[in-house]
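Peer 1: Here the protein sequences come in this chain order: A and B. Number 33 in the UniProt record's numbering belongs to position 33 of the first sequence; there are no gaps in the numbering. Number 178 in the UniProt record's numbering belongs to position 178 of the second sequence; there are no gaps in the numbering.
Simulated from the structure, these hints should not be mistaken for laboratory data. Treat the hints with caution; some may be incorrect.
The list cannot tell twin chains apart, which means a pair is met if one copy fits it or any two copies do.
[Claimed, not checked] Lysine-lysine pairs mimicking DSSO-like chemistry, simulated, CA-CA at most 27 angstroms apart:
hint : residue 1 : residue 2
1    : K179      : K193
2    : K218      : K24
3    : K201      : K24
4    : K157      : K218
5    : K179      : K149
6    : K157      : K24
Given next are the chains, with one letter for each unit.
Number of protein chains: 2
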Amino acid sequence: MLIVPEELPDGGGAFLIAWQLTGKRVLVVGGGEVSSGRIRNVLIADALVTLIAPADSLHPSTRFFVDHSDRVTYHSRLFAGQDDLEDVDMVLTAIDDVEESRRICSLCRERRIPVNAADIPPLCDFYFGSQVRRGPLQVLISTNGNGPKLANIIKTKIEAALPSNVGRAVENVGVLRSKLREIAPGTGGDVSKRRMQWMSKVCTSWTLDELADMDAAKMDELLSVGWPENRTLARSSHKNDSTKNLCGFLASGRLRSASCGFAIGVCVTLAMSKKEQHGRRSPSEWLEHASKARLA
Amino acid sequence: MLIVPEELPDGGGAFLIAWQLTGKRVLVVGGGEVSSGRIRNVLIADALVTLIAPADSLHPSTRFFVDHSDRVTYHSRLFAGQDDLEDVDMVLTAIDDVEESRRICSLCRERRIPVNAADIPPLCDFYFGSQVRRGPLQVLISTNGNGPKLANIIKTKIEAALPSNVGRAVENVGVLRSKLREIAPGTGGDVSKRRMQWMSKVCTSWTLDELADMDAAKMDELLSVGWPENRTLARSSHKNDSTKNLCGFLASGRLRSASCGFAIGVCVTLAMSKKEQHGRRSPSEWLEHASKARLA
């Protein structure tokens, strides 16, 4: 089925991407707290970091990375000029000197080196946002400069919505994919399409919990039995759903609400029954009376 | 308070960023369905698109963008070589010819033009992921190549967790920020820090609903009264919370659960009361009897 868009998308956004930095050299200029956050994020992406900042300006977190990561090369001095940009793939500045930031950015632009200058949006090739990480799963939340604090609040909501084992599920699906590529190799064409369709079926017919719990034996069974027969060996999704619903109910506040309701129902009826003993009206008579009164 | 990391972050991830494409030229090579998705995403970021693809290979969605967007310049032909890379800021290829993709990527690399080749991860400077957009809010979900389908499933969970008016809240906070910058201008230093702190206080003391409902009058009041006095004019958060809790309770399935519980409580007690009429035991006597039995 072809889905043709009926309208052009609204503009005003950014192009959200997962930049690859494995083995790439990132120059960080400045050693304060902001800079330490930048270093942390590029280390997550396996970059090689060159840090240029006077030693007396280093934030303790930045100092920690200098002391403990063999991926960080440190020079205790100020940015010296174009020689510092030799063999550099990306530049992040986090210094208070706006004019110096401008100069660094313009040198980068001449060399087509992607650059971000902290707190000077117009100079930046790219912005950051709030991030969530769960193993191989990464989520970026960008408000496009409208509110960094709000990005953080939204991040908290997203973190709460992600199952605790979601990282493990992503990891296992990745392992299954590589194993599948080993037994059914080839780029492009039919085999690639069939692999994609089967993986997609596995991901939709297994729950995230089941994917997270998948062990090597289960993977082997899936690959040796499921793949050739184009089946996903998923447990009956129906049974699964009812178990899930029951668990969800027991874990939710709804059981508590039902119990409270029950207790109130008992108390109200007992109270009515006491009244009956005094007022000569049984609960059923009372209900009858009440409905008559309503009809009247 | 200084927070010093106690360990280095785990590597193996990517560097998630919001790339700025306003007025930048993006070359898209190939006109199929994948390509139409790429065009959509760069149009969101206000890019100028050059599309190179033979007319008979265009997917209807790609054709739609060619026909309806004045930001898309279309050439019905194959990629011709380095002249096509003149003044180009980013290249996205989505063609079946792996060798041609390789050649384009290597030309880009020589010119330091960021490039993504669909389905050939090792050639890419950056990857895509699933995306959520709500006005100025954008969320990128990346599984770092472990499972695109899973990214989609996680995207659905995130979409469900975001309040429907979150985009409006982000928009309003952005407007408030610009207005604040007008009445308290200046880059860096104390004023910038004070602005940031106050905006942060507003974002945390107002709920997302309240931020979304903020109108021009409320903004003006906040800026003319709240800002000078360093107050956020938020409604009492306590009262607010109880209202919210009540609303949440009424909207949730918990009211239904409580009602069911109440009804069952009434029925059970009435049934016991009927039994009493026959068996000469009132509900209270019955309860007494039951507790005696338990004690025995």
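Peer 1: It remains to establish, for every hint, whether it holds in the given structure.
Peer 2: Each hint tested on the structure:
1. K179 - K193: Classified as within: same-chain Cα gap 16 angstroms, cross-chain 52 angstroms, threshold 27 angstroms.
2. K218 - K24: Classified as neither: same-chain Cα gap 37 angstroms, cross-chain 48 angstroms, threshold 27 angstroms.
3. K201 - K24: Neither way: K201 and K24 sit 36 angstroms apart in one copy and 38 angstroms across, limit 27 angstroms.
4. K157 - K218: Between copies only: 26 angstroms across, 33 angstroms inside.
5. K179 - K149: Classified as between; 17 angstroms across copies, 42 angstroms inside a copy.
6. K157 - K24: Answer is neither; intra-copy 33 angstroms and inter-copy 33 angstroms both fail.
The structure shown violates the earlier hints numbered 2, 3, 6.
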